[in-house]
Structure formats: structure tokens, C-alpha cells
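Asker: Protein sequences appear in the order of chains A and B. The numbering of the first sequence is the working numbering, which starts it at 1 and goes up by one. The numbering of the second sequence is the working numbering, which starts it at 1 and goes up by one.
Errors might be hidden in some of the hints.
[Claimed, not checked] The list that follows gives simulated cross-link-like pairs (lysine-lysine, BS3-like), each with its CA atoms no further than 30 Å apart: (1) K294(A) / K17(B); (2) K209(A) / K140(B); (3) K294(A) / K140(B); (4) K37(A) / K20(B); (5) K209(A) / K122(B); (6) K294(A) / K20(B); (7) K194(B) / K294(A).
[As the list claims (entries may be wrong)] Partial list, computed: chain B residues near chain A (C-beta under 10 Å): (8) P33; (9) E120; (10) S228.
Bear in mind the hints are in silico, worked out from the structure with no lab data behind them. We treat Cβ as the ideally placed atom computed from N, Cα and C, and that holds for glycine.
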Amino acid sequence: MKVIKIDKKNWAEGLERSSRTYRLFGPLEQDGFHVFKALGDGELPNLDVQNTRLSPRSVVYPQSEKMFEFTLDEKQEDHHILKEVSKDYSPRAVIGIRPCDAKAFLLVKRNFETPEYKDPYWLKSYEATTLVGHACSGPCSTCFCTTAGCGPFYEEGLDILLVDVENYFLAKILTEKGERFIVAAGWEIEIDLPLIDQADTMKAAAEAKITTRVSTDRLRDKNTTDLFEASFWEDVAFSCINCGTCTYVCPTCWCFDIQDETYGLSGIRMRNWDSCMYSLFTLHGSGHNPRDAKVQRVRQRFMHKLKYYVDRYDNGIQCVGCGRCVRFCPVNIDIRRVCDLMNSFES
Amino acid sequence: MLTYIDKIKEISRRLLKESKVDLVVGFRKGTVPMMNEPCFVKTVEDVDHLVWDGNCGINLANYLTNRKEKIGIIAKGCDSRNIVTHIIENKIKRDQLVIIGVPCNGMIDRHKIEAMAESEIKEVSETEDTIQVEGDGFEKTLDRKAMLQQNCVICVHRNPVIYDELAADAVKEQTEVDRYADVRQIEALSPQAKWDFFENLLSTCIRCYACRNACPLCYCPTCFVDESRPQWVGKSQDPIDIRTFHFLRAYHCAGRCTDCGACERACPMGIKVRLFTKKLEKDCLELFDWEAGLTLEKRPPLDTYRPDDPDGFIK
Chain A
1 MKVIKIDKKN WAEGLERSSR TYRLFGPLEQ DGFHVFKALG DGELPNLDVQ
51 NTRLSPRSVV YPQSEKMFEF TLDEKQEDHH ILKEVSKDYS PRAVIGIRPC
101 DAKAFLLVKR NFETPEYKDP YWLKSYEATT LVGHACSGPC STCFCTTAGC
151 GPFYEEGLDI LLVDVENYFL AKILTEKGER FIVAAGWEIE IDLPLIDQAD
201 TMKAAAEAKI TTRVSTDRLR DKNTTDLFEA SFWEDVAFSC INCGTCTYVC
251 PTCWCFDIQD ETYGLSGIRM RNWDSCMYSL FTLHGSGHNP RDAKVQRVRQ
301 RFMHKLKYYV DRYDNGIQCV GCGRCVRFCP VNIDIRRVCD LMNSFES
Chain B
1 MLTYIDKIKE ISRRLLKESK VDLVVGFRKG TVPMMNEPCF VKTVEDVDHL
51 VWDGNCGINL ANYLTNRKEK IGIIAKGCDS RNIVTHIIEN KIKRDQLVII
101 GVPCNGMIDR HKIEAMAESE IKEVSETEDT IQVEGDGFEK TLDRKAMLQQ
151 NCVICVHRNP VIYDELAADA VKEQTEVDRY ADVRQIEALS PQAKWDFFEN
201 LLSTCIRCYA CRNACPLCYC PTCFVDESRP QWVGKSQDPI DIRTFHFLRA
251 YHCAGRCTDC GACERACPMG IKVRLFTKKL EKDCLELFDW EAGLTLEKRP
301 PLDTYRPDDP DGFIK
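Using the sequences provided together with the hints, build the complete structure.
Answerer: Below, the structure is given as C-alpha cells:
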């Protein structure tokens with residue numbers, strides 16, 4: 001791993017140079033909050049923002065994504081044949097992604113790349129993407145990343161980690177992808193040992209600022225059926241209005257729904273984010289719905305993130321502790337509380 | 001308003017102890033600033049979890065739909081109007097309810113306060129007249145009235161219209177409020193400017209349906225956007241489908257909406273969704289002299305026909 005320092009005076013210029021090779025994305029303001037968007041010419045990502053309202057998952061995995069197109073015009077030879085839509089998989093870079101959001105891509109990858117199935121759209125997008133992270137020196141009070149498998153300076157999942165040290169960014173180049181980005185940006189490779197020490201001190205200080213924690217140590221050994229039938233679900237689910245906010249702001253939610261839409265004789269097949277909070281999510285063609293009641297859907301979300309995922313992959317919980325669902329749930333259902341209820345549950 | 005909680009607890013304990021109700025629906029303290037969580041309590045001991053302050057903006061009538069138990073429910077002016085609407089629309093029976101009425105001084109607008117904070121808000125506390133906001137490196141005392149949800153600023157029914165017990169004396173109703181200034185501004189726009197306005201308004205919508213689901217009126221077994229046989233509305237981020245959802249949902253609330261503000265409060269993107277329903281609320285007032293949820297005695301204008309219904313729109 002190489003560590004270099006980037007003088008902030010050369011920041012804009014480097015991004016400009018990199019934009020000749022990469023499509024750049026970064027946090028931009030929109031109506032009073034921040035979201036990840038493609039940067040326009042000369043536009044700089046806002047790195048002052050604590051965290052974006054929506055996670056950057058849409059950069060790799062858009063909320064609505066065209067997969068195929070087709071024609072219903074029987075005069076055409078290829079009518080009713082699904083044809084792949086051409087897409088732009090040229091290199092792109094996400095500037096200023098938080099370490100938790102980058103780690104989230106690794107969790108989602110476990111679903112989109114398995115020995116049996118490989119999701120071509122997600123994988124090609126992900127492979128085309130370089131993640132230039134920005135260490136969190138001032139985490140939010142709802143962050144619980146340090147007990148959710150990552151942390152404010154966490155490196156796994158990132159290609160580069162930037163640490164903001166006064167007039168410089170200390171850049172830890174973590175992968176070959178990261179190195180290619182630095183070369184494209186043309187930043188000078190210059191190492192500064194005192195700066196590294198300073199970054200290490202900042203890391204410890206940032207971790208100490210994260211005071212909310214979840215306990216996950218006992219989830220794995222719980223009996224799934226006992227947890228499933230726990231009496232606390234009625235209380236947890238009561239306030240839930242079954243909107244999709246928690247699932248849509250989440251960086252680790254991956255579910256989608258496939259839809260065909262036609263206009264006249266031409267049509268597309270697309271996929272859209274879906275949410276386990278919606279009744280339609282599990283509605284069968286027969287009319288039967290195995291998760292007909294709100295309590296079943298709320299339970300599903302937490303059981304998936306905190307139990308089924310733990311059991312299936314044996315690699316922690318399906319949550320990186322970004323705290324978005326805690327902040328934006330309209331009725332204040334708090335995953336930290338539910339996780340502790342599950343972890344301490346005795347049948 | 002901050003002193004109501006003792007009386008609320010006293011009534012709740014009594015109702016539970018005397019088995020007048022199976023549960024009381026209210027709020028418990030939230031885990032983040034400016035948020036309380038709707039909850040139920042079933043035992044006298046659990047009554048202590050109940051709270052009441054300016055962060056109880058979610059409309060609790062939403063939690064009554066089709067329930068079978070005997071329920072004690074804490075109701076602000078707007079909640080009580082939605083309870084009336086629920087009873088009229090057969091979503092709950094009057095004799096299932098013991099309504100604990102709460103005269104209201106308005107609920108705090110969390111979007112407004114977040115927008116003016118210099119950094120993350122760590123703590124918010126309130127008195128009858130002020131709101132104290134604290135965060136990293138800043139501390140502000142704000143005028144409570146200026147920080148209320150917009151629907152509360154213009155509210156003219158702060159006292160419950162239907163109740164069995166009151167948690168406090170009635171508050172003075174506001175009289176000198178201009179309820180529809182924002183609607184008139186939009187009405188005055190040219191068709192193209194209106195279109196652009198709404199397109200911009202909805203540009204951040206993520207279709208999470210929080211507005212719909214926080215609304216006590218939206219109880220259809222299957223919402224039109226969820227119908228799949230046939231499917232009326234596309235499911236993508238296509239702006240046409242997003243508009244269709246918002247426009248149609250608003251129409252479904254015509255003559256029923258009490259402007260409780262739950263939709264706007266719930267929106268994670270801070271979209272001013274009330275602008276749609278308010279226009280229809282204004283029309284109902286002007287055309288039918290109707291405000292939703294004020295009486296159990298009359299049917300709402302859109303589910304009855306009267307020969308003298310206004311028909312000036314027929315040219």
C-alpha cells in the first residue's frame with residue numbers, strides 16, 4: 001500500500017485531469033441535502049457533508065435500470081425478442097464515498113456474485129467503479145459503524161482512502177484500481193511520514209466519537225425459529241407504516257423487481273429497487289401472500305439483515321452502521337434497538 | 001402542552017386498570033432528536049413510557065384502521081378529525097374508542113429546524129414558547145411559533161372535535177390565519193409554470209410511499225399504484241409515474257384530508273406534498289363549505305349527491 005499526500009491546491013486540477021478517463025460522481029447538494037450525482041464540468045464534490053441522504057448504491061445499481069428492449073411489431077423480424085440494451089461501463093469514480101458505504105458494496109456483492117449466479121449489470125458496473133473514500137472525522141450521532149463491521153477510517157471495500165489533514169489529503173492507495181486513478185489524476189507521489197502519524201491519531205479520535213453501539217455477538221447462535229416467534233415483534237412493528245424509506249436509503253439493500261413496460265409497439269424490460277416493506281413484494285400470482293401482515297414484513301427486514309444473512313454467509317450482519325434508516329424512518333424505528341432486542345433475546 | 005403528560009398518564013392508567021380499553025395508543029420517547037415513536041401500552045406499568053411534547057406530529061388515527069380491540073387513543077385536533085373520518089368511513093367504530101383529547105399548540109417542524117442547523121443536531125428541548133437546539137459547536141434558542149410544521153401554523157382546529165376525556169383545557173383557536181396563501185400562488189401560475197413547479201417539487205421523490213403510508217386516509221386494501229391486474233401505474237423512476245402517484249393520491253383525499261401534515265412530516269426527502277392535498281381542501285371549502293372530520297352527522301361532499309351541488313365547471 002502506498003500513502004501519498006495531495007496538496008488541496010492540486011485537488012481540483014487532479015479531478016479535472018481524471019475526468020478525461022473517468023466519469024466522476026460525488027456528493028452534491030440538492031434541495032438542502034446531499035446525494036451522489038455525476039459531476040458536471042468543473043464541478044467539485046462537496047466533501048464537507050457528514051453523509052449523503054441516500055447512499056451511493058445508485059451509482060452502481062440505479063433505482064430503475066433498463067435491461068432489455070423489444071418490439072411487438074410483428075412486421076419486424078425480431079418481434080417479441082428481448083435485446084440487450086447497450087450501457088456505459090466505461091470507468092467511473094465515486095469521490096468522497098464514506099467507508100461504511102464502500103464496505104456496503106462488498107456485502108451486496110455476496111448476493112450479486114455467487115458460484116451459481118452472477119448479476120452482469122451489477123458486476124460490470126461495480127468493476128467499472130473506483131471508490132475514492134473520504135474518512136469520517138466527524139461521524140453522526142446515529143453512526144454505529146464500529147460495531148457493525150467497519151469504522152470511520154475503514155479501508156476494505158475502498159480503492160483509495162482520503163484523510164483530510166489541514167491543507168492536504170493523505171491518500172492511502174489500497175488497490176490497483178486506486179493506483180490507476182491517482183495516475184490519471186496526475187497527483188504527485190510524495191510521502192510524508194508525520195502526516196501519516198497525524199492521520200492515525202485522527203482515526204483513533206474518530207472511532208472514539210462513535211458512541212452508539214450494537215451487540216451482535218449472540219445473533220449467530222440464536223435459534224432462528226425462536227427469534228422468528230419472539231414476542232417483541234408486535235411491539236417493534238406497531239409504529240411501522242410499511243413505507244420503503246429504510247430500504248431505499250440503505251446502502252446494503254439489494255432487492256429488485258422486474259417489470260415490462262410498453263409504449264405503443266415498443267417496450268422495455270427493466271428492474272427497479274423493491275422493498276420487503278411492501279405488501280406487493282411477496283404477493284403470489286395465486287393471490288396468496290405469505291407476508292400479508294405488517295408485522296411479518298417488519299420482522300423479515302430485521303431477520304434478513306441480522307439473522308438470515310449472518311447464518312448464510314457467516315460474515316457479520318447485513319448492515320454497516322451508517323444510521324440512515326435511524327435518521328429517516330418517519331416513525332423512528334431504530335435498528336440499534338431491534339438488534340439489541342434480538343441479540344439479548346432468551347426464548 | 002408539556003404538562004399534559006401527567007394527565008394523559010393518569011387517564012391511561014385508569015382506563016387500563018378499569019379494563020375500559022385493551023390498549024392505549026400514544027407516543028414513546030424517540031431515539032433521535034425531534035422524533036417520538038407511536039406505540040401502544042397494554043399494562044398500567046407501561047403507561048410510564050408515554051410522552052407528550054412537540055414531536056408527536058404523526059397522526060395516530062392511522063393506527064386505528066380495522067382494529068378490533070377497545071382502544072384508548074391520544075388525539076390532537078387533527079387526529080380527532082381523522083378519527084371522525086375513520087368512523088364515517090367505517091374503519092373503526094365509535095364505541096370501540098375512548099378518545100383522550102389533547103388541545104394542541106402545534107408540532108415542531110423537524111425539516112425546518114434541520115435546515116437551519118449549522119451541524120448535526122444533538123439535542124432539542126422545548127418550553128411553551130421556545131425551542132432550544134444544540135449541536136456540535138452551536139446552540140440556538142428559537143421562537144417555538146416560528147418553528148412549527150406549516151400545517152400547524154395555519155391550523156384552525158387545534159382542539160379535538162371529538163373526545164371522551166380532555167387532557168387539558170381547550171387552547172385558543174387561531175383566527176387570523178391565511179390558510180391558502182401558498183395554494184393561491186400556485187393557482188396564479190401559467191399552466192406551463194405550474195407544470196414546471198410540480199415537476200421540480202417531485203424531482204427528489206424516491207417512491208418510498210412514506211407520504212401515503214403515514215396518511216390515515218390511505219387505507220385501501222390495494223392502492224392503485226400496487227394493482228397488478230391490471231397494472232395502472234409504472235413502477236420506475238419515470239417522472240410520469242411519480243406524478244401520477246402523487247396527483248391521484250391527492251384526489252383520493254379530496255374532501256377527506258384534514259391537513260394534519262403527517263405526509264409532509266414523514267417524507268424522507270422533505271417534499272412539500274401537502275401542496276397537492278391543500279388545493280383540494282381549499283376547493284372543498286369554497287365549493288361545498290366543507291372541512292373534513294368536523295362532524296359525525298354529515299356525509300362528506302364527495303360521497304353524496306345533492307341537487308344544489310355546484311356545477312359551474314360544466315361549460
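Asker: Against which earlier hints does the structure fall short, listed by number upward?
Answerer: 3, 4 and 7
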